[in-house]
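Chains A and B supply the protein sequences, listed in that same order.
The first sequence runs 4 to 152 under the working numbering.
The second sequence runs 4 to 145 under the working numbering.
Read the hints as simulated data drawn from the structure, not as lab findings.
Mixed in with the good hints there might be a few duds.
What the hints assert, rightly or not - Calculated cross-link-like contacts (lysine to aspartate or glutamate; reagent style EDC-like; alpha-carbon spacing at most 16 Å):
{"no.": "1", "chain 1": "B", "residue 1": "Lys130", "chain 2": "A", "residue 2": "Asp18"}
{"no.": "2", "chain 1": "A", "residue 1": "Lys121", "chain 2": "A", "residue 2": "Asp41"}
{"no.": "3", "chain 1": "B", "residue 1": "Lys9", "chain 2": "B", "residue 2": "Glu133"}
{"no.": "4", "chain 1": "A", "residue 1": "Lys80", "chain 2": "B", "residue 2": "Glu38"}
{"no.": "5", "chain 1": "B", "residue 1": "Lys44", "chain 2": "B", "residue 2": "Asp107"}
{"no.": "6", "chain 1": "A", "residue 1": "Lys30", "chain 2": "A", "residue 2": "Glu7"}
{"no.": "7", "chain 1": "A", "residue 1": "Lys80", "chain 2": "B", "residue 2": "Asp107"}
{"no.": "8", "chain 1": "A", "residue 1": "Lys135", "chain 2": "A", "residue 2": "Asp32"}
{"no.": "9", "chain 1": "A", "residue 1": "Lys80", "chain 2": "A", "residue 2": "Asp40"}
{"no.": "10", "chain 1": "B", "residue 1": "Lys72", "chain 2": "B", "residue 2": "Glu133"}
{"no.": "11", "chain 1": "B", "residue 1": "Lys82", "chain 2": "B", "residue 2": "Asp105"}
{"no.": "12", "chain 1": "A", "residue 1": "Lys135", "chain 2": "A", "residue 2": "Glu7"}
{"no.": "13", "chain 1": "B", "residue 1": "Lys7", "chain 2": "A", "residue 2": "Asp25"}
{"no.": "14", "chain 1": "B", "residue 1": "Lys9", "chain 2": "A", "residue 2": "Asp25"}
{"no.": "15", "chain 1": "A", "residue 1": "Lys5", "chain 2": "A", "residue 2": "Asp40"}
Said to hold, decoys possible - To be clear about the criterion: a stretch of chain A counts as covered by chain B if any three or more of its residues have a C-beta under 8 Å from a C-beta of chain B, and this derived list gives those stretches:
{"no.": "16", "segment": "19-33"}
{"no.": "17", "segment": "64-74"}
{"no.": "18", "segment": "83-96"}
Model, not experiment: these values are computed from the prediction.
Idealized CB from N, CA, C, for every residue including glycine.
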Amino acid sequence: MKAEYVNSFYQAAQDVFKIMLDVGTQKDDVFTHEITDDGANITIKLKGDLTGTIVFSFPKETALEMVKIMSGMEMDKLDSFILSALSEIVNIICGNAATHLQKYNKSVDITPPEVVEKPSTEADKCELLPLKTDIGAVKLNIQLEENQE
Amino acid sequence: MMWKEKYKIGVELIDQQHEELFRRVSDFIGTVRSENPWDTKLSKIKETLEFMNDYVITHFRDEEEYQAKINYPGLEKHKKIHDDFKAEVVEFVRLFEETGFDEDLVQRFSGKLLAWLINHVAGIDQKIGEFARKQEVPHHES
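Generate coordinates for the entire structure from the input sequences, incorporating the hints supplied.
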């Protein structure tokens with residue numbers, strides 16, 4: 004997978020965390036494809052010049068803190084309010100990433116985000132983008148294929 | 004939900020409306036998230052929802068009119084974002100009525116609304132202010 008495709012998601016995630024949460028983000032060096040088991044996993048699919056799935060994996064503490072920052076309210080469990088707010092953030096990040104991808108002449112559409120219990124992430128096909136933020140880790144598993152014309 | 008000075012785009016009418024929207028959405032979410040029994044919160048939820056619906060439509064219209072006035076090049080794209088959001092709200096309201104204001108559905112709507120509004124005001128709308136400043140358009144709406 005081309006680095007610029009992964010970077011489009013990195014740049015979008017970094018911008019959205021900064022703009023919406025005032026939270027700094029950088030790439031982490033801990034590479035593991037394991038997804039969170041106490042937090043939230045949200046997937047979004049891409050269609051068009053690139054096809055594939057992006058899995059966002061938010062540990063519970065990070066997820067709660069993100070929504071606390073936005074709402075100004077204490078949050079203690081991952082309920083439908085929190086999962087919906089996180090899904091919208093994933094939707095915004097991927098929408099912005101799709102805009103970045105246009106710079107590489109790749110036109111993609113995204114499907115609505117879905118909360119999944121156990122997403123399948125095939126390590127050999129996925130590119131891992133682990134992020135370190137001021138409020139904890141976030142992992143992106145990016146699986147994309149180019150559609151040859 | 005905290006209003007921040009940095010969200011201001013420098014257009015008085017739009018900034019006032021954004022601040023009011025933040026206040027209203029914050030109140031709405033406060034009610035939805037409070038621990039009172041669902042039945043007792045319903046009338047306030049319905050009332051706030053109705054007000055917000057009208058207010059959002061007025062605000063989107065005013066914001067689009069301002070963009071047209073300054074020949075903002077992103078108007079069509081921005082209008083589509085507004086229209087898509089309005090369509091989503093209409094669909095949620097339809098589902099609320101169909102399900103008798105199902106709590107889970109209202110919680111999901113509120114979470115989405117929270118993130119959507121922050122991104123829209125703190126991110127997307129900022130570009131209108133940036134463009135206006137570049138054009139040296141007077142910042143005070145008449």
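Okay, the hints, checked on the actual structure:
Between B/Lys130 and A/Asp18 the CA atoms are separated by roughly 14 Å; this keeps the pair inside 16 Å, and the hint holds. Annotation: proposed proximity of A/Lys121 to A/Asp41 holds, straight-line Cα distance about 11 Å (limit 16 Å). With a C-alpha separation of about 13 Å, the suggested pair B/Lys9 and B/Glu133 falls inside the 16 Å cut-off, and the hint holds. For the hint linking A/Lys80 to B/Glu38, the alpha-carbon distance of about 14 Å falls within 16 Å, and the restraint holds.
Distance check on the hinted pair: B/Lys44 and B/Asp107 sit about 14 Å apart at the alpha-carbon level, within 16 Å; holds. For a cut-off of 16 Å, the pair hint linking A/Lys30 to A/Glu7 stands: about 15 Å separates their Cα positions. A C-alpha spacing of about 14 Å is found between A/Lys80 and B/Asp107, which places the hinted pair at or below 16 Å, so the restraint holds. Taking the CA atoms of A/Lys135 and A/Asp32, the gap is near 9 Å; set against the 16 Å cutoff, the hint holds.
For the hint pairing A/Lys80 with A/Asp40, the CA-to-CA distance comes to about 14 Å; that is within 16 Å, so the pair holds. Between the alpha carbons of B/Lys72 and B/Glu133 the distance comes to roughly 15 Å, so the proposed pair stays at or under 16 Å and holds. Taken as a hint, the B/Lys82 and B/Asp105 pair is broken in the structure, with Cα atoms around 30 Å apart against an allowance of 16 Å. Among the hinted pairs, A/Lys135 with A/Glu7 is inconsistent with the structure: their alpha-carbon atoms are about 20 Å apart, more than 16 Å.
Pair hint B/Lys7 plus A/Asp25 holds up; C-alpha atoms about 11 Å apart against a cutoff of 16 Å. This hinted pair checks out: B/Lys9 and A/Asp25 have alpha carbons roughly 11 Å apart, not beyond 16 Å. Distance check on the hinted pair: A/Lys5 and A/Asp40 sit about 29 Å apart at the alpha-carbon level, beyond 16 Å; violated. By the rule of at least three residues with a Cβ nearer than 8 Å to a Cβ of chain B, the coverage given for the segment 19-33 of chain A holds, with 3 such residues.
A stretch counts as covered by a chain when three or more of its residues have a beta carbon under 8 Å from one of that chain; for the segment 64-74 of chain A and chain B the count is 3, and the coverage holds. Proximity of the segment 83-96 of chain A to chain B, defined as three or more residues with a beta carbon under 8 Å from a beta carbon of that chain, is established by the 11 residues found.
The earlier numbered hints that this structure contradicts are 11, 12, 15.
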